[in-house]
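Take a look at the letters that make up each chain.
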Amino acid sequence: QQQVKQSPQSLIVQKGGISIINCAYENTAFDYFPWYQQFPGKGPALLIAIRPDVSEKKEGRFTISFNKSAKQFSLHIMDSQPGDSATYFCAASNQAGTALIFGKGTTLSVSS
Amino acid sequence: ETGVTQSPTHLIKTRGQQVTLRCSSQSGHNTVSWYQQALGQGPQFIFQYYREEENGRGNFPPRFSGLQFPNYSSELNVNALELDDSALYLCASSLGRSAEAFFGQGTRLTVV
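So the protein lines, in turn, are chains A and B. Using my numbering, the first residue of the first sequence is number 1, and each one after it goes up by one. Using my numbering, the first residue of the second sequence is number 1001, and each one after it goes up by one.
Check before you lean on any hint, since a few could be wrong.
[What the hints assert, rightly or not] DSSO-like, lysine-lysine: derived pairs with alpha carbons at most 30 Å apart:
(1) B:K1013 x A:K42
(2) A:K57 x A:K68
(3) B:K1013 x A:K104
FYI, nobody ran anything at the bench for these hints, they're computed from the structure. These figures come from a predicted structure and were not determined experimentally.
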């Protein structure tokens, strides 16, 4: 019940294309859903986050779509650039906020 | 404003030894969480410290222990190291227990 399932495991997108990464969760107590970006040898960097009171949040080229009834959320990267090539992790936590539960990650490669 | 800093960046230890990893939280943040990230996996929650007290623990054995100091910096101690403890250890700080978490660059621990 604590799992966050992320797909796909890897993704190749052409420059200028849209990258879409999906996550699904089971625990209905989760109420905070961040996405992190991680480059090799670095720690994860917070990209964008959403709470279940909204269905979509956009920041620049990055958009989170949230479907509470389906217990799914996704990250959309518009106009993908080679500099976006990294590993992306979705995560979830509940109101106690003690622990972030991470997905297994998606390795994105944007080809020029 | 300084970010989360961890030391050392790399460490090699022998099986059975003990190790201490250190983390300085971002300025103004009073909560520190530790995560273990195995190669190719998402980070896994070890424990969290809030105002110098443990505030939640993941599925890790007691040989993983920690401390938080009055300045909110933190230590992760691992006793009786095993080969499977080889991983990237990440520290994240936040303002409050359920706020956005910001990660350091991690400490790469190799147990031989």
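We went through each hint and held it up to the structure:
{"no.": "1", "hint": "B:K1013 x A:K42", "in the structure": "21 Å, holds"}
{"no.": "2", "hint": "A:K57 x A:K68", "in the structure": "14 Å, holds"}
{"no.": "3", "hint": "B:K1013 x A:K104", "in the structure": "27 Å, holds"}
Taken one by one, the earlier hints all hold for this structure without exception.
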